[in-house]
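So the sequences go chain by chain: A and C.
Quick note: the first sequence uses my numbering, first residue 1, plus one each step.
Quick note: the second sequence uses my numbering, first residue 1, plus one each step.
Just to be clear, a hint being listed does not mean it is correct.
[Unchecked claim] Think about it this way: if two alpha-carbon atoms lie no more than 30 Å apart in a straight line, the pair counts; the simulated DSSO-like pairs of lysine-lysine are: (1) A:Lys25 to C:Lys231; (2) A:Lys222 to C:Lys245; (3) C:Lys285 to C:Lys163; (4) A:Lys222 to C:Lys67; (5) A:Lys227 to C:Lys285; (6) A:Lys197 to A:Lys227; (7) A:Lys192 to C:Lys231; (8) A:Lys192 to C:Lys285; (9) A:Lys227 to C:Lys231; (10) C:Lys245 to C:Lys285; (11) A:Lys197 to C:Lys67.
Keep in mind that the hints were calculated from the coordinates and are not lab data.
Keep in mind it's a predicted model, so treat the numbers as computed, not measured.
What follows is each chain in one-letter form.
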Amino acid sequence: MGDEYISDSSSDFTDYWIDLFLGIKGNEYFCDIDDEYIRDRFNLTGLNQEVSRLPTLIDIITDLVDIELQPEEHRDALEHNARVLYGLIHARYILTTRGLNKMFEKYRNGDFGYCPRVHCQLHPLLPVGLHDLPRVSSVKLYCSKCEDLYNPKSGRHSVIDGAYFGSSFPAMFLQNFSQAIPTHSAEMYTPKVFGFKLHEYSKLNRWRELQRSHLERRLTSKGIETKNVVGGFTHNAPKENE
Amino acid sequence: MEPDHENAYYEAEGLHPEDEEYNAERTSPQTWFTTLPGHDYYCEVEETYIEDDFNLTGLSAQVPFWKEALEMVLDVEPGTSIPAYTNERHSADQTLHQRYIITKAGLQAMAEKYESGSFGVCPRYNCQSTYVLPCGRSDQPGLDTVKLYCPNCNDIYTPPSSKYQNVDGAFFGTSFPTLFFQTYPEFLSVPFKWYDNPTAAASSTSDNNPSNEPPSSMPTDAYKNTISFPKSPNPHGGTRQPVGKVYEPRIYGFRVSERARSGPRMGWLRDRPVTYDELDKVDWKGRWIGDGPSAGGVSVSSGGGKATEGPAMGGVAGIAERPKVGKGKLFEEEELKENDEEDVSEEEEVKGGATPAS
């Protein structure tokens, strides 16, 4: 994470810590957390095990205490811990109604990027962690159309801890916003040589297509509509000539 | 793909399209061409290949101002100003490059670039940075930009940087990745899960698990290393070990039900059968062989059960056995299936330490 903005905080007292944090390049995935949420100690249960001097850090994040007034030798550590704490609170906050709404806004703006898969046709992505414990794995991006995980393209994003978003976020997000559930594409890439399909690829694609039709039959038998509806598959799409 | 969408794709990452710079001091035109920004996917076409008229069959009809373009590519006339024929030169280059990379020398040159990772890695997390290969979606110039083919997940992706937005897919063509992996099968993943291979699992459990624990479907790394990777029965297919698994979204460690509208729908896209034989059991119409004509495809209960049960149980069910499972046994099958799935999820959680923080 770039440290170029820390020095600015000394010159400009009107800036809030959270705004400065969100302005740092690479922190585009984070959303703004309400002060009330951070100040409510119930929401911070268990976080004192992850960072030391929790009350000071909360005061720094909510701008009750200026980090410049702290002894100089502690400043770097405090700033670092404040960022860790913000991330860990962020993971909890984005599962609340207000947090989900803020993330939905960011999702709609495409702040998390778009799916690199060609057949997903630039579907917006969602951030997700593979673990809820910090310092285990970095953030990944989830595409709800192909239901798969992708690595962030930018190196600045690929060093963000996945625990700052949590492993439950995308599923919770789609539970809440049914308008974000896509109609899945049943298209697969078919490799060809001079227009001819290849035996092994075709066999694998047929096998996968069979798995999909089994899934559809299973869902239909449970009374769930799957043809051309949200959460189902696109049907009768014109076959692509690749 | 709409162009403004594609721009949004790149701008989201803070990247902006770079302009091509025309380098004034250039040596050979091919070398100059491959050093342009975004042109690092190309390999240099040998001059002898271009000079051979046989390799240029049909090109004069496709490319207007063919003679001028060819002279420019070969740098016969150093005095010609570049911008005058840039478009013609461009399409001549495209078709030549497309033809050259599927020759023996071209494939070799591309294989060197591939092995050094010049084309980047697959953006999919579970492909674990498999190298990708550039390809086109059309052989005609001017239709679509270059895409990247991943030999592990068998899918195509948009390149990560906007500088490749200038690169036409026709430089590589649709046949190139397939021919490349036919020539170098060691880079192509086999179409079945090797770690789930029942014969390998059975043989190694007897050696490693004296406590007679049932073989797990997701073995540990140490366990994986003891199994020798089974060869693909297809002598022309890939020989690489496939990597990665299929991701399942979870809420507080619990998987979302299939019945939910936001439930899992795309597992099939990244899944592979346990054994190679299972591929042969799907006929050309996409039905299980042996399901019988009355089923008219796959019957709801037996078909659904088999699809998930087969890989999960890891059994080597013969072709003849398949139809016997099923009809009237829906509940029993579902129970079996769910037990298996729970086992898998528990193991995954233990392995990854994915316990919710609060």
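Comparing the hints with the structure gives:
1. A:Lys25 to C:Lys231: Not OK: Lys25 (chain A) and Lys231 (chain C) at ~48 Å, beyond 30 Å, violated.
2. A:Lys222 to C:Lys245: Since the Cα atoms of Lys222 (chain A) and Lys245 (chain C) sit roughly 27 Å apart, the hinted pair holds (cutoff 30 Å).
3. C:Lys285 to C:Lys163: This hinted pair is violated, its Cα atoms lying about 42 Å apart.
4. A:Lys222 to C:Lys67: violated (66 Å)
5. A:Lys227 to C:Lys285: holds (20 Å)
6. A:Lys197 to A:Lys227: holds (27 Å)
7. A:Lys192 to C:Lys231: The given pair, whose Cα atoms are some 24 Å apart, holds under the 30 Å limit.
8. A:Lys192 to C:Lys285: Holds, at about 19 Å.
9. A:Lys227 to C:Lys231: The hint is violated at about 39 Å.
10. C:Lys245 to C:Lys285: holds (27 Å)
11. A:Lys197 to C:Lys67: violated (35 Å)
Taken one by one, the earlier hints fail for this structure at numbers 1, 3, 4, 9, 11, listed in ascending order.
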